[in-house]
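Visitor: Since the structure of chain A is already known, use the hints to place chains B, C and D with the ligands on it.
Protein chains in written order, with the working numbering: chain A, 1 to 126; chain B, 1 to 126; chain C, 1 to 283; chain D, 1 to 283.
If you're looking for bench data, these hints aren't it; they were derived computationally from the structure. Some hints here could point you the wrong way.
[Unchecked claim] Pairs of lysine-lysine residues, derived as PhoX-like cross-links and limited to a Cα-Cα distance of at most 25 Å, are as follows:
| # | chain 1 | residue 1 | chain 2 | residue 2 |
| --- | --- | --- | --- | --- |
| 1 | D | K95 | A | K37 |
| 2 | B | K37 | C | K31 |
| 3 | D | K41 | D | K95 |
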Amino acid sequence: MESLTDQIEADKAIARTLPGTYLFDGTRAQMNFALNKMGMSLKHAANRRAFKADERGYCQQYGLDDATTALVLARDWIGMVHAGGNIFFIYKIASVDPLTMQHLGAQQNGLSLEDFRAKLNAYRQS
Amino acid sequence: MESLTDQIEADKAIARTLPGTYLFDGTRAQMNFALNKMGMSLKHAANRRAFKADERGYCQQYGLDDATTALVLARDWIGMVHAGGNIFFIYKIASVDPLTMQHLGAQQNGLSLEDFRAKLNAYRQS
Amino acid sequence: MAQLVGVMTTSHVPSIGVAMDTGLTFDPYWKPLFDGYGPAKDFVRDLAPDITIVVYNDHGLEIFLDRVPTFGVAAAPEYVSGDEGWGPRNIPAFKGDPAFSWHLIEHLVAQEFDLTMYQELQVDHGFTVPMSIAFGGRSGEIAAWPTRVVPINVNCIQYPLPQPRRCFKFGQAIRRAIDAYPGHERVMILGTGGMSHQLQGERAGFMQPAFDRMFLDQFAPNPQALIDLPLGTYMKEAGHEGAELIMWLVARGAMNADINEVYRHYHVSASLTAAGLGCYVNA
Amino acid sequence: MAQLVGVMTTSHVPSIGVAMDTGLTFDPYWKPLFDGYGPAKDFVRDLAPDITIVVYNDHGLEIFLDRVPTFGVAAAPEYVSGDEGWGPRNIPAFKGDPAFSWHLIEHLVAQEFDLTMYQELQVDHGFTVPMSIAFGGRSGEIAAWPTRVVPINVNCIQYPLPQPRRCFKFGQAIRRAIDAYPGHERVMILGTGGMSHQLQGERAGFMQPAFDRMFLDQFAPNPQALIDLPLGTYMKEAGHEGAELIMWLVARGAMNADINEVYRHYHVSASLTAAGLGCYVNA
Ligand SMILES: [Fe+3]
Ligand SMILES: [Fe+3]
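So that you can see chain A by itself, here it is in the shape it has in the complex (with noise of 0.2 Å):
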């Protein structure tokens, strides 16, 4: 009989394998908590101010380590995905640009808007 870990390593084993996917569970829920606090914060306009007058300097309030801040600073989506970055949080820093979840996902494929574009409305013929 399968145990319980059994099917709990399964179940994850089958997103960890995705092609760019990054299963967002606790250990990658743990590798940059302070990239994640510092989105969430931006839900507030007074700190959406505050980052726009200062980015580094809300960066350094909030933790982020050098290496992280320039990601940020770099507006580099997939490298802060790759950082630890949850899409929910990291997206309230694109909002301050703003920056729709469509510029997110051109640049996380490594793609221009344009063609980005296109290859979701590609999906309309399926």
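Guide: Frame of chain A; chains B, C and D with the ligands shown alone:
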């Protein structure tokens, strides 16, 4: 067969019919949310200082109605419980003075601290 | 007793809210989607629910990673649209029904669901967009919501998400609680989220209409097939965020075994999300 | 696999913490209580747990009525004593074990427990006082905790509390998770709260030693008798706050059907609370 609702109501009825007991269920949780929220706020030392400096103003800031504010100013613990206060949140008001849970117990019983302690100590015989 | 009069399920996407709030619903990009919502609005208007239970997930408005509840049920007198990072939606506040909510909470905890109970809660696009689709006019416009609401949130942001099987059972328990309510309220459940989409990683933009159509085909007649799929399979076939489809299973669990599909709409895509919608009544 | 090496159960009362932190444990009022803790400290020292799971309830430090979880499991790297209103206790920080905590969380959600997952959490007297009793010296003094910890909180402040039956099952599920952990850690569970006490209302100060003794007598050989009691009965017999005894049932659920009582202590009273303590190992 007893329905789920009957079971729930029977269970609550036991606690609701106990003398001097106020089952802290949804009904009571709604009754005076502002009072409990004000009590909760006193877990921050800065808020305790603000409360001490201007108790009435602090209560108003948290939206307490006049009757509840009067209970707070008078340290009328049983009155606060009757008005929807939860003991763990109003205890934070007491801690500002500071009073102990024995003071709150005595006042709720209508006893002096000495008599209430004697009542507690009498259990040692049982 | 109160009565479950019907279920609507729909995807929730921030940009659908933006399209409604900025008058873009007749725009060529959005028109096919919004045209498809018309019959659902008629369905909901005819249901005329007194209470709408909205099963949704929070996306970082009220829930951060410091404290993630699996299931939450709210019992506040009012809920407002919160600021997710691009300002709150300019829509009326939602009126709650604390008495009904507390009844639900008591009956769900008694059935061994380990809820988080809210007395204060703001709601995000996961809640407000489906409400606008269901109750608003062509462009989501509305002066006042014609229903009281109960927000029920389900963890979809941090693994472990609740299993599909658990979500279905949660719906069954909600139904028992509705049936036990000593009023005559008409209750609708709005199941939200999905369908296939992925927002994070190099796979962002992934959709899979074939899986979504299978899900829609099985939803009414054969939900067991959907409950038996592991979460990993949802993430594989519907995308990392497409696992939100577990919230449709909460709504399905609340219905009879036999149900009728009244209406279905499927549109690829609303931004990165394959947008599905279904209207169902008990047979 | 990890091993459950033993269970200690104990009441938790703020004033016990105050007595320890202000050097009153030899005071005539407190001495009989602290004398009784000695053998429990020996028991815990011999168990030498690598990990201690502390089942406790928050009393308004981290949990307010805006958002009350039924069950929470924490996975933080560190936990500190928080300020409940009279300043934090001056004790060392507690080291967590995130890997073990996440294992527990995954195995509990898979067993259909609808947890709240914490990555940040301060702990209150419900947690710190039992830890000082178990691991500290005569007056609770300690330079560093000799164990990693996992805080598990249970709603005891707002009805509906989880049923005694559900708490016992929660313990059973925790045990399965411990047994499945691929390490060699020695795990202790600290079940806290109770025994009879009531803090609110004209009935404040109520205690009932006869009920507490019955509970202690049945705890090892016949927990079913305790699980079958409704919550209302706990409130009647043990007081509105005495219903915290459900947390002892979580600890009991994690043990074998057959267990041995190694030590028991019962003292009336610590302030308003009848203070009980038990040490148990699997038979
Ligand atoms: Fe979503
Ligand atoms: Fe307690």
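Visitor: Now look at each hint and say whether the structure bears it out.
Guide: Evaluation of the provided hints:
no., hint, verdict
1, D/K95 to A/K37, "holds, 22 Å"
2, B/K37 to C/K31, "violated, 47 Å"
3, D/K41 to D/K95, "holds, 20 Å"
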